[in-house]
Structures are given as C-alpha cells and as structure tokens.
Amino acid sequence: MVELAIGIILGCCALGAGMAMIAGIGPGIGEGNAVAKACEAIGRQPESQGNVTTTMIMGCAIAETTGLYALVIAILLIFVAPTRLVGILMNYIG
Amino acid sequence: MKDKSIGFRIADAALIILSVIPIAAAIALRILTNPAAEGIQIAGAHIFFTVKMPLQDMPITESQVNSWLVVIALFFFCLYMTHGISEKGGLRRQMIAEWIVEQTDSLVQKNMGQYFKAFSPFVGGIIALSVCSSLLTLFGLYPPTSDLNVIAGWAILVFVLITHYKLKGGLLCYLKGFTEPIPVFTPFNIISEFATPVSMSFRHYGNVLSGSVISALVAAGLTSVSSVVLGWLPGVIGNFPLFRVGIPAVLSLYFDIFSGCLQAFIFAMLTMLYVSGGFPVEEWQKRMKRKKDKKQKNIKSA
Chain A
0 MVELAIGIIL GCCALGAGMA MIAGIGPGIG EGNAVAKACE AIGRQPESQG NVTTTMIMGC
60 AIAETTGLYA LVIAILLIFV APTRLVGILM NYIG
Chain B
0 MKDKSIGFRI ADAALIILSV IPIAAAIALR ILTNPAAEGI QIAGAHIFFT VKMPLQDMPI
60 TESQVNSWLV VIALFFFCLY MTHGISEKGG LRRQMIAEWI VEQTDSLVQK NMGQYFKAFS
120 PFVGGIIALS VCSSLLTLFG LYPPTSDLNV IAGWAILVFV LITHYKLKGG LLCYLKGFTE
180 PIPVFTPFNI ISEFATPVSM SFRHYGNVLS GSVISALVAA GLTSVSSVVL GWLPGVIGNF
240 PLFRVGIPAV LSLYFDIFSG CLQAFIFAML TMLYVSGGFP VEEWQKRMKR KKDKKQKNIK
300 SA
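Chain order of the listed sequences is A and B. Everything in the first sequence is counted per numbering that gives the first Met the number 0, starting at 0 for the first residue and increasing by one. Everything in the second sequence is counted per numbering that gives the first Met the number 0, starting at 0 for the first residue and increasing by one.
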C-alpha cells in the first residue's frame with residue numbers, strides 16, 4: 000500500500016511538472032511576435048536598429064516571466080515536492 | 000605616463016592579486032567542501048554552518064559566501080582601475096574606467112531623467128554584482144544568482160526604493176494611487192504592488208537556474224551517449240566521455256554568458272524604470288513649492 004502511495008506521489012509530481020510547462024507556449028508565441036515585429040521595424044527603418052533591438056530584448060525578457068513562473072513551479076515539483084510529500088505521508092502513517 | 004615608479008608597480012600587482020584571491024578562495028572552498036559526485040547533481044547551495052539566531056537559525060550558505068567574495072574582488076578591481084588616476088589622463092585603464100562610468104551615467108540619465116542622476120553608482124553596482132555573480136559558473140562555482148534568497152534580497156531593496164520615491168509626493172498621494180482608475184481596483188493594485196519584487200526576483204533566478212539545470216542534464220545525457228558509443232572499447236577509452244568535450248561549451252556560451260549579462264541588464268533596467276516611473280513628479284513639485292512658500296512666509300512673519 001505504501002509503495003502504491005509513494006508511486007502515486009512521484010508520478011503525480013512528474014505529471015504536474017510536465018503540465019506546468021505547458022505555460023511555455025505563451026511566452027513562445029509572444030516572443031515570436033515581438034521578434035517578428037522588431038524585424039519588420041528594422042526593415043522599415045534600418046537606422047533605428049540599436050534602439051529596436053534593445054527594446055525587443057527587454058520586452059522578450061519580460062514576456063518570458065510567465066514561462067519562468069511555470070519553470071519555478073516545475074522545478075519545485077520535481078526536486079522539492081516529492082521528498083516533502085513522502086515525508087508527510089510517512090509522518091501520517093507513523 | 001611611461002615611467003611608472005617601483006612603488007606604483009608593486010601596488011598594482013598587490014591590487015591585482017587581492018582581486019584574484021577571493022575567486023581562488025571560492026574555488027578552494029568548493030573543492031574542499033563539495034567532493035565531486037557521480038551522475039547528475041542538481042542541488043541547492045551547500046550550507047557551511049548555521050548561526051544561532053533568536054527567531055530562526057541563519058544558515059551561512061555557499062551563495063552568501065560567494066557573493067561576499069565577488070564583492071571583495073570587485074572592490075579591489077575598482078581600486079586597481081582607479082589607481083594612478085589623473086586629470087590629464089594617460090593610463091589605458093583610466094580610459095576604460097571613464098568609458099564604463101560614462102556609459103552608466105548616460106544609461107541612467109536616458110532612462111530616469113536628470114533628477115535621478117545620482118542613481119548611476121547604484122545601477123552600475125547592481126549590474127557589476129549580478130554579471131560577476133552569474134559568471135562565477137565559468138569557474139565551476141555555484142552562482143549566487145541561482146539562489147532565490149540572494150535575488151529576493153536585491154528585489155526587496157529595489158521595492159523599498161520604489162516605495163520611498165512613491166512616498167515623495169506625500170502619503171495621501173501614495174494611498175490615492177491604489178484606488179486608480181476606480182476604487183474597485185484597489186485589491187488588484189495592492190497585489191500588483193507586491194508582484195513587482197516577486198516577478199523581478201523570479202525572472203533573474205529562474206533564468207540562471209534553468210540554465211544550470213539544462214546544462215547539467217545535457218552534460219549527463221552526453222555522458223551516457225558517449226558510453227553507448229565508446230562503451231565496447233576496453234580500458235580508459237571506454238569510460239572517456241567523448242561527446243562532453245566542447246558541446247556543453249556552446250550551451251554555456253548562451254546560458255551562462257549571454258543569459259547572465261542580459262538578466263543583469265534587465266534587472267537594472269527594471270529597477271530604473273520602476274523607480275523613475277513610480278515617482279510622482281507633479282505632486283512632488285507642488286509639495287516642494289508649498290514648502291517653499293511656507294518657509295518664505297515664516298521668514299517674513301519673523
């Protein structure tokens with residue numbers, strides 16, 4: 000029984016981490032849009048390349064934030080949560 | 000300045016040695032406390048010892064020690080860069096130091112305006128500390144920036160600064176800012192106020208940590224690939240991790256150098272934007288004018 004419970008905990012942590020990383024889609028699309036628009040802008044006004052590039056990198060880094068939240072949660076689920084949850088289970092059983 | 004005196008040269012050498020010693024000390028500490036482990040090793044900072052504190056024990060970890068060492072190394076490096084500085088100029092390093100200072104000044108003035116020009120040492124300090132902390136991975140050390148506690152400390156410092164400059168327009172103006180555009184938005188505004196340091200710290204730490212996690216996974220994967228390919232050979236050649244030579248370096252170029260420098264720049268940029276964006280210019284000017292009038296009235300009446 001205990002083995003089954005631990006197995007469920009580990010499996011669900013891995014599944015949760017995988018599902019959390021679905022959030023990576025959003026920043027991917029957003030950054031792609033940002034870079035596409037920046038390319039257009041540079042194509043239209045090549046002299047403004049420096050400013051556009053700086054702003055684009057800033058915007059990309061900010062758009063990345065939601066993806067990084069998901070990443071932090073996934074890392075916590077993989078490296079921190081299993082040991083804690085198994086510890087709680089062991090305390091509960093005694 | 001061609002003819003440097005012997006004392007000048009000795010001081011130069013001493014400063015260079017003093018700025019290299021902290022990094023060497025960090026490497027020595029790493030070798031002494033962290034024996035090389037087999038396989039994938041993704042762990043938090045190594046705890047050296049814990050200090051007994053009234054509320055909670057304070058662990059002194061690798062990330063704290065490494066960031067102190069980076070601070071010491073940067074201090075002596077700055078002393079070296081400004082050693083023998085003169086109005087006429089002449090030393091090559093003085094040009095480099097002046098260039099760095101000018102760049103920081105112009106960046107701060109461009110993004111924050113004239114009123115905040117005293118911020119450039121702070122912003123330059125943040126960039127230097129963050130870049131050097133992230134680049135510690137190149138020496139195989141634990142980068143302090145991949146520890147949430149370090150970045151959270153910086154983010155809290157920035158949050159205090161933002162609040163300080165928001166309060167410049169008076170307490171009433173600060174509180175009124177939460178009810179905009181309509182009073183229903185107050186809870187969301189309070190949440191977004193606290194989301195600022197959280198998102199700043201998570202962004203920086205998440206980028207550096209994800210870089211080191213991916214590097215470790217790729218290195219482990221390449222080891223197993225090379226053991227599959229070369230495993231049938233006898234002796235030392237069979238255990239030789241052929242594919243680990245060179246390939247992780249390309250990843251490291253992106254994750255350690257580019258990402259580390261970019262995140263340092265973004266952290267500094269967001270600091271500047273938040274601090275100067277939260278500063279209520281009109282309210283502050285009105286308040287200053289009122290204070291001035293009051294002072295003049297007092298002088299007249301007296």
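Derived by calculation from the structure, the hints in this document are not laboratory data. Treat the hints loosely; a few may be bogus.
[To be verified] Capping the alpha-carbon separation at 20 Å, the derived lysine to any residue pairs in SDA-like fashion look like this:
(1) B:Lys109 x A:Asn50
(2) B:Lys296 x A:Glu46
(3) B:Lys109 x A:Gly49
(4) B:Lys109 x A:Met55
(5) A:Lys36 x A:Met18
(6) B:Lys294 x A:Ile74
(7) B:Lys109 x A:Lys36
(8) B:Lys167 x B:Glu86
(9) A:Lys36 x A:Gly58
(10) B:Lys51 x A:Met55
(11) B:Lys109 x A:Thr52
(12) B:Lys109 x A:Gln48
(13) B:Lys175 x B:Leu156
(14) B:Lys165 x B:Gln63
(15) B:Lys288 x B:Tyr173
(16) B:Lys167 x B:Phe278
(17) B:Lys109 x A:Gly25
(18) B:Lys290 x B:Leu170
(19) B:Lys109 x A:Gly58
(20) B:Lys167 x B:Ser223
(21) B:Lys175 x B:Leu160
(22) B:Lys175 x B:Lys109
(23) B:Lys116 x B:Tyr173
(24) B:Lys285 x A:Ile56
[To be verified] Simulated DEER-style distance windows between Cβ atoms:
(25) B:Leu252 x A:Gly25: 23 to 29 Å
(26) A:Leu75 x B:Thr162: 37 to 43 Å
(27) A:Thr82 x B:Val224: 27 to 33 Å
(28) A:Gly42 x B:Gly237: 49 to 55 Å
(29) B:Gln295 x A:Thr54: 54 to 60 Å
(30) A:Met89 x B:Ile95: 28 to 34 Å
We put the beta carbon where it would ideally sit given N, CA and C, even for glycine.
We went through each hint and held it up to the structure:
1. B:Lys109 x A:Asn50: holds (12 Å)
2. B:Lys296 x A:Glu46: violated (55 Å)
3. B:Lys109 x A:Gly49: Satisfied, since the Cα-Cα distance of roughly 14 Å is no more than 20 Å.
4. B:Lys109 x A:Met55: holds (17 Å)
5. A:Lys36 x A:Met18: violated (30 Å)
6. B:Lys294 x A:Ile74: The given pair, whose Cα atoms are some 58 Å apart, is violated under the 20 Å limit.
7. B:Lys109 x A:Lys36: violated (24 Å)
8. B:Lys167 x B:Glu86: The given pair, whose Cα atoms are some 38 Å apart, is violated under the 20 Å limit.
9. A:Lys36 x A:Gly58: Holds, because 12 Å separates the two Cα atoms, which is no more than 20 Å.
10. B:Lys51 x A:Met55: The given pair, whose Cα atoms are some 47 Å apart, is violated under the 20 Å limit.
11. B:Lys109 x A:Thr52: Distance ~16 Å between lysine 109 of chain B and threonine 52 of chain A Cα, so the pair holds.
12. B:Lys109 x A:Gln48: Holds - the C-alpha atoms of glutamine 48 of chain A and lysine 109 of chain B are around 17 Å apart, at most 20 Å.
13. B:Lys175 x B:Leu156: violated (23 Å)
14. B:Lys165 x B:Gln63: violated (31 Å)
15. B:Lys288 x B:Tyr173: holds (18 Å)
16. B:Lys167 x B:Phe278: holds (7 Å)
17. B:Lys109 x A:Gly25: violated (31 Å)
18. B:Lys290 x B:Leu170: Roughly 15 Å between the alpha carbons, so the hint for lysine 290 of chain B and leucine 170 of chain B holds.
19. B:Lys109 x A:Gly58: Roughly 18 Å between the alpha carbons, so the hint for lysine 109 of chain B and glycine 58 of chain A holds.
20. B:Lys167 x B:Ser223: violated (59 Å)
21. B:Lys175 x B:Leu160: Holds - the C-alpha atoms of leucine 160 of chain B and lysine 175 of chain B are around 19 Å apart, at most 20 Å.
22. B:Lys175 x B:Lys109: violated (29 Å)
23. B:Lys116 x B:Tyr173: Between lysine 116 of chain B and tyrosine 173 of chain B the Cα gap is close to 23 Å, so the pair fails against 20 Å, i.e. violated.
24. B:Lys285 x A:Ile56: Roughly 37 Å separates the two Cα atoms, so the pair is violated.
25. B:Leu252 x A:Gly25: 23 to 29 Å: holds (27 Å)
26. A:Leu75 x B:Thr162: 37 to 43 Å: violated (29 Å)
27. A:Thr82 x B:Val224: 27 to 33 Å: Holds, at about 29 Å.
28. A:Gly42 x B:Gly237: 49 to 55 Å: holds (53 Å)
29. B:Gln295 x A:Thr54: 54 to 60 Å: Between glutamine 295 of chain B and threonine 54 of chain A, where Cβ atoms are some 45 Å apart, the hint is violated.
30. A:Met89 x B:Ile95: 28 to 34 Å: Violated, at about 59 Å.
The structure shown violates the earlier hints numbered 2, 5, 6, 7, 8, 10, 13, 14, 17, 20, 22, 23, 24, 26, 29, 30.
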